[in-house]
Amino acid sequence: DTGVSQDPRHKITKRGQNVTFRCDPISEHNRLYWYRQTLGQGPEFLTYFQNEAQLEKSRLLSDRFSAERPKGSFSTLEIQRTEQGDSAMYLCASSLDYQPQHFGDGTRLSIL
Amino acid sequence: AQTVTQSQPEMSVQEAETVTLSCTYDTSESDYYLFWYKQPPSRQMILVIRQEAYKQQNATENRFSVNFQKAAKSFSLKISDSQLGDAAMYFCAFIQGAQKLVFGQGTRLTINP
Numbered sequence: 091d092t093g094v095s096q097d098p099r100h101k102i103t104k105r106g107q108n109v110t111f112r113c114d115p116i117s118e119h120n121r122l123y124w125y126r127q128t129l130g131q132g133p134e135f136l137t138y139f140q141n142e143a144q145l146e147k148s149r150l151l152s153d154r155f156s157a158e159r160p161k162g163s164f165s166t167l168e169i170q171r172t173e174q175g176d177s178a179m180y181l182c183a184s185s186l187d188y189q190p191q192h193f194g195d196g197t198r199l200s201i202l
Numbered sequence: 065a066q067t068v069t070q071s072q073p074e075m076s077v078q079e080a081e082t083v084t085l086s087c088t089y090d091t092s093e094s095d096y097y098l099f100w101y102k103q104p105p106s107r108q109m110i111l112v113i114r115q116e117a118y119k120q121q122n123a124t125e126n127r128f129s130v131n132f133q134k135a136a137k138s139f140s141l142k143i144s145d146s147q148l149g150d151a152a153m154y155f156c157a158f159i160q161g162a163q164k165l166v167f168g169q170g171t172r173l174t175i176n177p
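As you go down the protein sequences, you meet chains A and B in turn. Converting from the first sequence to this note's numbering requires adding 90 to each position, the first position being numbered 1. Converting from the second sequence to this note's numbering requires adding 64 to each position, the first position being numbered 1.
Isolated chain A (complex conformation) (with noise of 0.2 Å):
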C-alpha cells in the first residue's frame, strides 16, 4: 500500500492559464474522488468515479474544470482559464467500495 499520490504538489499559475492535476489512487481501490479545500474551510467534493465513470459532479464543478479517470486508474483534474478563486487546495482519496476513503498529500493552487 503506497498511499494516494498526487501531483504536483504545489503549482503556481497565471490567471487565464491551464492546469492540470493528477492522482494516483491506491491500486486496489476502485472509487476516486477529488475534493476542493480553501484555507481554514473543510474539504468540498467535486466529483468522484466509480472504476472509469464519473458518477457525481458537484455544483461547484464549473464548465471550466473537467476529471477523467481513463481505464480506471490515475485521475486527471484540469481547470481552464484559471481565475483567482480557483486558489486552493485540491484532494484526491480513494476507497475501496465502501471502505473509508483515503486522502493524498493535495496540490495547492496559486493563482497570480
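Incorrect hints may appear among the rest.
Calculated cross-link-like contacts (lysine-lysine; reagent style DSBU-like; alpha-carbon spacing at most 35 Å) [claimed, not checked]: (1) A:LYS147 to A:LYS161; (2) A:LYS147 to A:LYS101; (3) A:LYS101 to A:LYS161; (4) B:LYS137 to A:LYS147; (5) B:LYS137 to B:LYS119; (6) A:LYS147 to B:LYS134; (7) B:LYS119 to A:LYS147; (8) A:LYS104 to A:LYS161; (9) B:LYS142 to B:LYS119.
A few chain A residues that face chain B, going by a derived Cβ cut-off under 7 Å, partial list only [claimed, not checked]: (10) GLY132; (11) PRO133; (12) ASP176; (13) PHE193.
By construction, these hints were calculated from the structure, which means they are not laboratory data. Keep in mind it's a predicted model, so treat the numbers as computed, not measured. Think of the CB as a built atom: it goes at the ideal place given N, C-alpha and C, for glycine as much as any other residue.
Given chain A, put chain B in place with the hints provided.
Only chain B this time, still in chain A's reference frame:
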C-alpha cells in the same frame, strides 16, 4: 441536504489532559457513517475513527473515542492523554452510501506542553 457543523473553531488542551471536540449533523437518512479525520499542518488527511449509524456502541481507537447520540444527531470526539502529536485540524464528516464525504468546518486543536 446533509450538513455537518463544528461549533468550536479552536480548542486547546494541556498535554496529558482530555479534550472533547463537538460535532452535529443533519440528515434525513437512517443508514450512514460518521468520521473524524485529522489534518496536521501541510500533511495529509488521516482517518482517526469511524462510527456506523446502525451501531449503538460508541467506537473507540486507543486514546480516541466518540460519543454518538443518534437522536440528537451529535457525534463528539474525545481525546484522552493528549500528546503533542495530536495537534492538528480535526474534521467531522458524514457519508451516506459510497458517495461524497460532507465535512464540517474543522476545529484547530492546540496541545500545550
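Hint by hint, here is what the structure shows:
{"no.": "1", "hint": "A:LYS147 to A:LYS161", "verdict": "holds, 19 Å"}
{"no.": "2", "hint": "A:LYS147 to A:LYS101", "verdict": "holds, 23 Å"}
{"no.": "3", "hint": "A:LYS101 to A:LYS161", "verdict": "holds, 26 Å"}
{"no.": "4", "hint": "B:LYS137 to A:LYS147", "verdict": "holds, 27 Å"}
{"no.": "5", "hint": "B:LYS137 to B:LYS119", "verdict": "holds, 14 Å"}
{"no.": "6", "hint": "A:LYS147 to B:LYS134", "verdict": "holds, 29 Å"}
{"no.": "7", "hint": "B:LYS119 to A:LYS147", "verdict": "holds, 31 Å"}
{"no.": "8", "hint": "A:LYS104 to A:LYS161", "verdict": "holds, 32 Å"}
{"no.": "9", "hint": "B:LYS142 to B:LYS119", "verdict": "holds, 18 Å"}
{"no.": "10", "hint": "GLY132", "verdict": "holds, 3 Å"}
{"no.": "11", "hint": "PRO133", "verdict": "holds, 5 Å"}
{"no.": "12", "hint": "ASP176", "verdict": "violated, 19 Å"}
{"no.": "13", "hint": "PHE193", "verdict": "holds, 4 Å"}
Going through the hint list in order, the structure does not satisfy hint 12, though it satisfies all others.
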